[in-house]
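If you want the building blocks of each chain, they are given just below.
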Amino acid sequence: MNVLVALTALLLLGGIVYLGVEIAGLEFLFGVIIPYAAVLTFLIGLVIRVISWARTPVPFRITTTCGQQRSLSWISPNRIDNPSTTLGVLGRMALEIFLFRSLFRNTRNELREGENRLVIGPSKWLWLMGLAFHWSFLIILLRHLRLFVEPVPQITLLIQSLDGFFQVGVPVVYSTSLLFVTAATLLFVRRIVLPQVRYLSLPTDYFPLFLLISIAGSGIILRHFIKIDIVRVKEVVLGLMTFRPEAGGLPVLFYFHLFLVSVLLAYFPFSKLVHMAGVVLSPTRNLANNNRRIRHVNPWDYPVKTHTYQEYEEEFRGKMIGAGIPVEEEDNG
Amino acid sequence: MAEPRPDEMEFYKQEELVQIDYTPPQTSWMRTPVDFRPGSWIYPAKARHLEYLGLANPREWSPLDEDWKLPEDWKEIIFEGMRERLNKYRSFKLFMDICVRCGACADKCHFYIGGGDPKNMPVLRAELLRSVYRRDFTLAGKLVGKWVGARELTPEVLKEWFYYFFQCTECRRCSVFCPYGIDTAEITIMGRELLNLLGLNVNWVIEPVSNCFRTGNHLGIQPHGLKDTLEFFAEDIEEVTGIQVEIPINRKGAEILFVTPSGDFLADPGTYTCMGYMMLFHELGLDYTWSSYASEGGNFGLFTSHEMIKRLNAKIYAEARRLGVKWILGGECGHMWRVLHQYMDTMNGPADFLEVPKSPVTGTVFENAASTRMVHIIEFVADAIRNNKLRLDPSRNDGLRVTFHDSCNPARSMGFFEEPRYVIKSVCNHFCEMPENTIREQTFCCGGGAGLGTDENMEMRLRGGFPRGNAVRYVQEKHGVNRLACICAIDRATLSTVCDYWAPGVEVTGIHELVANAMVMEGEKERTLNLRLEPIERGEGVS
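Line by line, the protein sequences are chains A and B.
The first sequence maps to residues 1 to 333 in the working numbering.
The second sequence maps to residues 334 to 876 in the working numbering.
Okay, chain B solo, but in the shape it has when bound (with noise of 0.2 Å):
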């Protein structure tokens, strides 16, 4: 068998990369140069994508390479950005000016946790900018220069912004302790869009961002594809269950519009839990369609820049127009979700040509979701599950001992804690949390979320995976867990790789793949398989 390569969990050997070193350098943080490691950098954006969404700088290059082939006013180019941003955003100003470096947040990260790099405390991470921020924009810094903490901006420190911030999964952890609510995310954002002014992104997320555009989803799936997708879906929804579901695509006068992320179209084991989506319409009867130019619910403008987040996402509410449904449903997602509820009204709203999103099934008006008029799924399966308008059988789901991660967006930008517990609970009868500083608001990140989750990034997706992996390996020693669900498509792809590195046996699940479980839909034959196309275990006592 040939050598483990960086890109490659077989490469870290556990007890190596458990030898977290939390010393800091001797040299201080100002002079301790980036170290590009193999397994902890993402490759940058390929010349063609940048060409195709018009943004600047296309060309070729590495960050290994002495000279990035910056613009020639690059530094003119920064300073004004900031200038721009800091008059733009309340959050950008005030978080360079009142952090106290009390370092309450210092140990807060789980790239800190896992790695021990300083510059991942957040505290640093955002001193990588505000150093820049006080020499060339705060009189102090004019005047006393690094004695109150300001340094100039040369390529060395664009090599760190590089770095750092696509070492930052703007999960906001940070933010539930920091006692002024600074929100790294918030500070990554604006770096991030400061160095796509120059050109320096990443493939990771700019593909994905130009296969948006163009084909309406991450993937660059194009209509004919997806429904060949559904298609594949249906078939082994018809094996399981004996089912024909139907398959609407861009169909007009629907009266919902589903938007879910593409992740879940390609890879295990998040295609369940989009089989479980058309399981769950079909029983329920809902009067819905896909939609394959807006078949994207997430939005990796999120990690590009605040204009690229509006350009993508535009799409949802035109379709929703063209398509003259009343309202909108979503599926399973974080950084989506982060979208939906704090941006999307606002960037392409107001949605007043759809109506209050009111459930067809119970009659529940969404009030929650009045103005977007944008539902999320959870919620309306839970109002479902409480109006008893589904026939659950969770002994179905008894193999199974589950927990659930709460996936960083949905918690900490929206508050949804209760929705999926109430869900899991109702399909599932084995049902546990993690220890209580891992879960909630104060949940762990997956380690590749905001488009870090790429394999050439192993090493860092691995140590940032290690504080949840670790409070999975601990309920999997204590309470035999088997299955971790998690509301969110970044998590079903790259939490399956930090369970099989640091809880090994336990393996990710969406919620709607155990709704369509245990769900006992009309006409179905004698239920034997899982969507997993596994024969399905039941506890003792249930026939």
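Bound conformation, chain A alone (with noise of 0.2 Å):
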């Protein structure tokens, strides 16, 4: 149920680009329009969520520690799981957003029956499949900058000769394209397969999927199979890059390609994907635990009703000075 819903919304989206562009001719409209606001959408939108969260204090220190505290001088701290200063914490989110650290650490739970018995033991798959779409989503993103900027970076075409190491095809096939949708597919695979995750999950979890698969393989597409112009595709991009936006002389996939992703902008502050700035900010990641070391402040902390000891020397004088137990005041007894 929750698939079909985002998959109708999928079919709509392509359904709008094929009726504007193919039919009602509004190249403009998806061309620039549409990619404008989307940037527009996703620059303000994330701003305004960042400074959200930035704003919100974190009343205490509530770090999740993963390993040996500092604690007695012979005893040696896991400086990067349990971090106790800024260069450490700095190490552990790196390797949280690098490396995905904590999502290495998975395990998988096997109930023998008949036995009665549980067996835990390590389990990489999920971590494995979430580096891999990551990390090649990143690499394909850069490897984008080349319709973006002239002269090409450097950093571009390194990736470029890299990713195509291969030589496969003309023209070349770009193995993080191949991992990027095996990802991504084995991902929604996933989701429909283990039960459980079929049942949390929402319409929301299998979108950005949808979005990001279709992109990719509309993007395959062009390249590979339609063989798009490309240096039609790199004026028409810089063109919007310097505000002399012009539309047109491209195929209606392209513009399929473009509209999802300006969905994918324009969605993206508005939904589960701002895990990719929240992670920064997380405050049982980014924290030191140096608790007892350093007081923290809590900035709206207030007074609170308390119990004082003269209340409770008031209630209990009697039995204190029957049992021996020194007291403040022994004449008002």
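Bear in mind the hints are in silico, worked out from the structure with no lab data behind them.
One or more hints might be untrue.
[Stated by the list, open to error] Straight-line distance between alpha carbons at most 20 Å, and here's what the computed SDA-like set of lysine to any residue pairs gives: (1) B:K811 to A:E115; (2) A:K305 to B:A647; (3) B:K585 to A:I294; (4) B:K479 to A:F210; (5) B:K659 to A:I294; (6) B:K492 to B:A389.
[What the hints assert, rightly or not] Over 12 Å on every C-beta distance to chain B, these chain A residues come out as not near it, computed from the model: (7) I23; (8) T86; (9) A132; (10) I213; (11) F225.
No experiment lies behind these values; they were computed from the predicted model shown.
We put the beta carbon where it would ideally sit given N, CA and C, even for glycine.
Put the two chains together into one complex; each comes in its own frame, and the hints tell you how they fit.
So this is what it looks like as structure tokens:
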């Protein structure tokens, strides 16, 4: 059901492009106005989102510690998984962001019936799929820079040559294109096949996957099957980049690709995709576990009603004196 | 013999309990109502405790009632409460926004592993709250509702919150595996705060809170009762060692204030660990005092609200100031140390009237407690052992094959791994670890933390205790383990049940019971009995 909702949404989007470009000829709308609006929505939306998180206080230092604390001098602390310094926190965050450290810990349970035994072992599949998905995504983005910048940046040329290392096909097939589609498809299959994950998945979990697979798929078709006029693409994109937009002269599938990218950008700040920015701000990961060493201040701390010692002694003074426990005011007992 | 009831362990047949069905129900989770079956929920808080504490909506009610007697404007109260907390806690706001439902946390929860209820997958537990957040606090939710996982707040949703937020022990295991560090404890803490605004809370939490507020400890032990208890321990110590230990209570001018969970005053095997502290302090000649006013290290405020943590925790610094001590030493406890480590200084500090803790025995300065000025007794004793300040005869523990249960909070909110292992290995000759995915930061909860360790919740305790019990049974069968050491009073109370059920024959101990049994005291008589008054078994070749 949730899959169908997401799929319907995607088909609708495809229909919109087809009607808009092929039937109504609204190339300027789909090639210029919508991309501009999408980029604006992405930038403004994401900035607002990050600011609203960043402005919300972190009243307590609630690090989740995943290694030995720094305590006695002769016990060696785990400086990354339980950082006590800013440097350690940076290391922890870098591992988390670039290598998905926490997901690497993933385990799998097996309940052996009959024996009533639970066996827990490592499980790296999700980590591997996630890593392949995100890294190839990033590399594909960097590869696209050659359409956005003239002259083409060195980094893009380098990535391109590494990515096309195997020199298969004309134009060369990039390994990350295949990797990305494979990883995204596997992530989708995983959602469908594992009953627990299917049960907890929302339409908004399938939708971005469909969107990304469609974007990648249309990109691959444009490059390898339609063999789109790349010079013309670059003219159009550079026109957008320099605010001298001109549309036209490109197949409808290009507008499909561009429109879905626009949808992705506009959707981004309002969806779970904001995890990209949010992970950096996560208080269980980005704080040093130095709570007893350095005081953390809660900016909205307020006084609370406590039960004072005087109130306590008032109630129990007789019993305290009877038991020989020292009191503050003997006489009033 | 009478038929066992749902609040008794014997009611649950193991072969039935392990028939765990992980297949999710046919109906979507949003349309699957809660089933309040006996053994899986906790009695609500009694009105008089809520009144005493000044908490909302005191009344008599039961979760089985159709009508939960909510205040007229309950929805507005919840929305206002959410709005306030979303603006005050980045954790809450962020954790509502960034979950991608990858499901890495799903099978990390002991309640899910032992029960198979999908709403015990941490991600779905959070979605219970997130779905309401989406509908009323996000644009997409307002526009397209359930297509983006949003749903209306109804009494049924509230019932779900009550059931599942009191089926989370706030152990933080899921947070170790989450790629964004989303911490279900944080979600549950917020959820319980919201429920408390409507007077939806459990007596197993609120009565200890009320007791602690009034008498200084969860159990409601009054000052003379505390003295009686400690005197009783001193008699047993004298029987075992021939030594009379002192019982300083509320003594002004002592160097150290000692605070420990009151659970160890009352129930075995925690009592033996409490005796262990008294013997240790005597042997080291510590200038210390107990306090009857701050006679609780634990803090069930953590299971109520941030405000309640602060209200209860305030006593520790206040008493340290009144008595004029130099620093504070804390006993073996789990959630107590989460509060002391992550909340106390922020809430009730700065403790600038105290000194940076320095061991009078070894001269070691505890730089890691330079601000809170409160040291964990395991850190303290590890330092003493390391500096050869204790005479130890580990062969007195030779009858024991020991394994160590990392208590959730010291593990995942401090990183307290090597200190307890060092101490155990110093006082026991036979130690082995449980499987690696069940210890240290991946340790499994006892199933009774965060105020869930009561007998009417027996089914969930046994289910939640299954992963831990299973690992204990593994080392019991493989290495002959017969003693499970831990540094948490709730563990000592609830793991005994878990072991009796899943690994019968294994008993639970605090580390200071082991220390005290091995400790050779100045002027002691020949030790033939351990603190449990059982004959000491020595290993071969040791006289």
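Hint by hint, here is what the structure shows:
no., hint, result
1, B:K811 to A:E115, "15 Å, holds"
2, A:K305 to B:A647, "10 Å, holds"
3, B:K585 to A:I294, "28 Å, violated"
4, B:K479 to A:F210, "19 Å, holds"
5, B:K659 to A:I294, "18 Å, holds"
6, B:K492 to B:A389, "17 Å, holds"
7, I23, "27 Å, holds"
8, T86, "17 Å, holds"
9, A132, "14 Å, holds"
10, I213, "16 Å, holds"
11, F225, "32 Å, holds"
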